[in-house]
Amino acid sequence: MATVVRELELMPTAEPAHARSILSGWLTTVDHKQIGILYVVMAVCFLIIGGCEALVIRCQLFWPHSQLVAPDAFNGLFTMHGTTMVFFVGMPILIGIGNYLVPLMIGARDMAFPRLNALGFWATLFGGMLVYFSFATGGAPALGWFAYAPLTEHTFARGPATDLWALGLVVSGIGTTTAGINFIATILGMRAPGMTLRKIPFFTWTILWTAVQIVIAMPPLTAILVMILLDRNLGAHFFDVQNGGSALLWQHLFWFFGHPEVYILILPVFGMISEIIPVFSRKVLFGYEFMAAATAAIAFISLGVWAHHMFAVGLSRPEGLFFAVTSLLVSIPTGIKFFNWLATMYGGRISFASPMLFACGFLSMFLIGGLTGIMLAVVPFNFQLTDSYFVVGHFHWVLIGGTLFGTFAGIHYWYPKVTGRMLSERLARWQFCLLYIGFILTFGPMHIAGILGMPRRIYTYEAGLGWEIWNQLSTIGAIIQAPSFAIFAYNLIASLWKGKPAGDNPWDAWTLEWATTSPPPSYNFETIPTVHSRRPLWDLKHPDDPDWQYE
Amino acid sequence: MELLLLAQVQDDMCMFRPASPPAESIRDLSILVLAITGLIFLIVEAVLVYCIIRFRRGAAGSEPPQFYGSKPIEIAWTAAPALIVFLLVLVTARTLWEVNVQPPEPREGDGALFVTVIGHQWWWEYQYEYYNGQKLGFATSNELHVPVDDAQLPRPVYLKLKSADVCHSFWVPKLAGKTDLIPGRTNHIWFQSKEPGVYLGQCAEYCGTQHAKMLIRVVAEPNMDFEKWLANEQRPAVEDPAAQKGKAALLAQSCINCHTIRFPDSPAKGTFGPDLTHLMSRTSLASGILRNTPQTLHDWVADPQKHKPGCLMPAFSVNEHDRALMVGYLSTLR
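Chains as they are written, first to last, in this note's numbering: chain A, 43 to 593; chain B, 237 to 570.
Wrong hints could be hidden among the right ones.
[To be verified] No farther apart than 25 Å at their CA atoms in a straight line, the calculated lysine-lysine pairs in the DSS-like style are these: (1) Lys241(A) x Lys307(B); (2) Lys241(A) x Lys379(A); (3) Lys371(B) x Lys464(B); (4) Lys371(B) x Lys430(B); (5) Lys464(B) x Lys379(A); (6) Lys481(B) x Lys505(B).
[Said to hold, decoys possible] Partial selection, computed: residues in chain A whose CB lies under 7 Å from chain B: (7) Tyr190; (8) Arg324; (9) Lys325; (10) Arg359; (11) Ser393; (12) Leu409; (13) Val420; (14) Gln426; (15) Pro548; (16) Asp550.
[Unchecked claim] Estimated spans, in silico, between C-beta atoms of each pair: (17) Pro390(B) x Asn285(A): 38 to 46 Å; (18) Thr422(B) x Gly277(A): 23 to 31 Å; (19) Phe252(B) x Val257(A): 37 to 45 Å; (20) Thr422(B) x Ile258(A): 29 to 37 Å; (21) Ala315(B) x Thr572(A): 35 to 43 Å; (22) Gly277(A) x Ile311(B): 55 to 63 Å; (23) Ile311(B) x Asn285(A): 53 to 61 Å; (24) Pro106(A) x Ala387(B): 37 to 45 Å; (25) His424(B) x Glu593(A): 54 to 62 Å; (26) Pro530(B) x Tyr532(A): 58 to 66 Å; (27) Ile267(B) x Tyr532(A): 31 to 39 Å; (28) Arg343(B) x Asn285(A): 52 to 60 Å.
Hint data in this document are derived by calculation from the structure and do not stem from the laboratory. Yeah, the Cβ is synthetic: ideal placement off N, Cα and C, and Gly gets one too.
This is chain A alone, in the form it adopts within the complex (with noise of 0.2 Å):
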């Protein structure tokens, strides 16, 4: 290990040429702080490559009838901009910042297997490249990101769109997949001594179920994706129903990795608000036991309910019905993590630090979209609500008031541990309130909409069906979004300059990556500390009442 470390240190300073040293050495990392960071910018760069997207598409919607873009042009955009936030925006970032902290939480020196690490952080970037490349060749796909059979068959799209959107999936899917095999073997193999499973920090332990489901669900679609492939270019027929194939095979194989995908994406995000929450409260965490078990039985239960998304292909009764529990099921355990945040709040000490108000945001929209999911879940009133505008604001909900709300603040909270200085707290609430009222004002009416009979995915509508003002509102909180994401990335690189300097702790937080000095050494820790509870840096600060004497 010695070696290693000393290896690590001198290189940044081997070339002679500086500029190109420091590219080089960003393209060539296999240091797991450094490839966090690439994901992370990879994933910013793309989100505000989709949030574009998602501007043309608002501004389409405006008035019935528009003409602002062409219809295959508009099923273009929402193809890539479905594609680009789930696998080129919302599984990289979190992937990324999984990749920063888990090593530094749990004590270890790297990832498991470094080279693997890079190749998968290069794989998702070019896999996501690819998939641009596709309006280089005559314009972007136009199937929807879930892409249901048989409209991807050669049939009814003809370009090279789709095929490129398939080997750029695939070669994301294998990059996703190394993440997925890292994480679990790097936290089940390196934690620093003491440090058990049931003391590992509850975002490891969220990272830990998402690699577990990274690791099952991949292989369905790189398998389905490699079909299409197939079908399209050496004349399969998986999907095509003329000669034997199933077009209903695609829509569960899709699901199969499409509903684990949520929770892949959502997971982390509990994981992060799940460390934040009780530093800023002042407290512990309330029911780590009971929250660990509920974060394994969400990643059990989500293998087993993917036909809610398919209510209305003609399920028979029974199915229906068991989706629907299943499905009902998974608002137990999100439920209890939901009340042991509150429990955790009570009788605290809460700063509304900018991570922390980024928490409460989530807190407060997550639970609508949890609620709305419930609805979806209920069958019958699914067959209404299922590819309406409804939809489109439930998942909205989840991803923007969850994942992007709890991203927010795990970015605001481990940025100075990344870069050793502060982001600005006034930016931050500016970006806050913007995105709060913007994004409630977008997704809101689109609820209201899609219960007045708007399908998902038109690019343009019928005036007089009373569905005008509610897209008219949400193309207003799409502007009054789309500053606070200026405003974001501004900060993000002014504070690296501007930002006060950090120091080891800023937040007086308890876990191990606040031990070392921010931002870290090449090599993390001089010496690996020796761990007795879940929160290390309590007991160093408090030796009259350490926490293992309650765990």
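Starting from the known structure of chain A, arrange chain B on it as the hints suggest.
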């Protein structure tokens, strides 16, 4: 007649104003679910707001007391949501069994209408199978005519859903929830309209370029009117001596490769586009996006791509004279 129908067009597609038993069952269940989730929302947000206000940090002080957890409390807030879930499963099952029923076999005097719906990119084909036990066997498109319940007899409508190309979804919110049309599968849906009127809907599963313009109009009429309409649709196309030139012009064009016009020995037997035999009995064109008048029909034939870019009917370069003749003939097809 046309004016009357237009006056009755429902100007909303709101699932909370149903006009058919399955949509009513769903409305009732939805209100219950909204009440339960609304209550949870109020309670949890209230606790959150209370925590935020009550426990925000005042003057600097020592760390608050630490609570590591409590088994009884955890069990309590596992059991409470479990009970709510149990309740939701029961009401879900009840309504699901009400709404989702397999169609019966057609029999004499059952008052039921059986139609096979075939989804095409981007229009609807309706093959009328049975009404009141009588075999029908004709096809029309885009506007689905159905009978309304009357005092003597409920008149349910059973639709068999199929697709000719990609996935679609049949959704008329005031009549029933949606059901997908999936190639290689046959699905079923039923409703029973209680009030005469035109109910609007549209395709709810993304199906390609013109998914947005695949509208549905369900014309629900009293039994007398419906039977009159049925009798007319079953007849072959009208033979208007004044329009014979237009007929000849149309039959000489490639229109007949995709469209059907029913009359003895008709060469127009295409099934790729809508059946035109009684084109003028429909109030709209191109899957509900244009009002059907001779003028809009002329514009549509001249260049469909202008009205519905990407649709599968190309603009044929027919000269103006022939086109006027053809549209003249089509305008007689009542």
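Practice task
Please name the hints from earlier in the document that this structure breaks, with their numbers sorted from lowest to highest.
Solution key: 5, 15, 16, 27, 28
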